[in-house]
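Enquirer: Sequence:
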Amino acid sequence: MSQAFATTLRVFAWTLALALVALPVVAVLQGWIGTERWPLRVLRINDGLEQVDVARVRETVLPHARRGFFAIDLGQAQRDVARLPWVAGTEVRKRWPDVLEVRIAEHVPFARWGDDRLLSTRGRLFAADGVDVPPAMPRFEGPEARVPDIVALYNESRDLFRPAGVEVEGVVLDARGSWQLRLSNGTDVVVGSQEARLRLSRFARMLPQLVASRSEPLTRADLRYTNGFALVWGARTVDAPADAAGTAAPAVRPLAALPSHAPRFSNHGLS
1 MSQAFATTLR VFAWTLALAL VALPVVAVLQ GWIGTERWPL RVLRINDGLE
51 QVDVARVRET VLPHARRGFF AIDLGQAQRD VARLPWVAGT EVRKRWPDVL
101 EVRIAEHVPF ARWGDDRLLS TRGRLFAADG VDVPPAMPRF EGPEARVPDI
151 VALYNESRDL FRPAGVEVEG VVLDARGSWQ LRLSNGTDVV VGSQEARLRL
201 SRFARMLPQL VASRSEPLTR ADLRYTNGFA LVWGARTVDA PADAAGTAAP
251 AVRPLAALPS HAPRFSNHGL S
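Residues in the sequence shown are numbered consecutively from 1, following full-length UniProt numbering.
Everything labelled a hint here was simulated from the structure, so no lab data went into it.
Predicted model, so just to flag it, every value in this text is computed and none were measured.
Errors might be hidden in some of the hints.
DEER-style ranges, computed between Cβ atoms [to be verified]:
| id | residue 1 | residue 2 | range |
| --- | --- | --- | --- |
| 1 | D73 | A127 | 25 to 31 Å |
| 2 | R176 | D47 | 43 to 49 Å |
| 3 | P143 | P97 | 31 to 37 Å |
| 4 | R56 | P148 | 16 to 22 Å |
| 5 | A175 | R93 | 42 to 48 Å |
Glycine is no exception: its CB is placed at the ideal position from the N, C-alpha and C atoms.
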């Protein structure tokens, strides 16, 4: 290869690179890729959404879609959709020539958290937004940083009390690290902050014998003793939360943010 040919080839390569960089800028300035020339006309949202408001999704992405196929900021559109209530994960794409596609995965509620939030099966807290919560869903309270510990104790406690035919309806962890459980038979179990699992295991083994020996309901069990329990029998003096006894929610398990299978979509106008 001659030196002149090599020089010509390098000049051509640099010219081509500069053209590729400059072309999008010129196209924007000249309006070649503007909204009017390449509009987005169709909004495609995956089916199967139970809690996310599709109309609100459309309202959220519409300002982005108006920028056109080439100028839309997909990243910002995706971040805006992700902030909507009940959205656990989302992906925003464009499809040639005029389609904006939005995939959304909803939070799946696992437990109530306090009075106004829910805990998802992925261990994330989110606003309940006035949704009717199934009565069998357990209720948790405690520091947000201790969510994994609360869920772990709940799952372990369920296994401990299941042979006695009793479900765990609630777990509370106070600021001092003291545990308390609510059982489906109406018993409040004060566990304390020390050796919680050992104390619960011992109490769960003896619970069938304890309730069989008395006609009155067991309303409170204090496990904070070395060699026994402090038990309170009889009718409640304070109304219990209106939780129906039944099978509680399954143990927390990690879920993918978006389903791996191909979802079905419905089309919505963007004009």
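Enquirer: Now tell me if each hint is right for this structure.
Expert: Evaluated hints:
{"no.": "1", "hint": "D73 / A127: 25 to 31 Å", "verdict": "27 Å, holds"}
{"no.": "2", "hint": "R176 / D47: 43 to 49 Å", "verdict": "48 Å, holds"}
{"no.": "3", "hint": "P143 / P97: 31 to 37 Å", "verdict": "51 Å, violated"}
{"no.": "4", "hint": "R56 / P148: 16 to 22 Å", "verdict": "31 Å, violated"}
{"no.": "5", "hint": "A175 / R93: 42 to 48 Å", "verdict": "45 Å, holds"}
The structure shown violates the earlier hints numbered 3 and 4.
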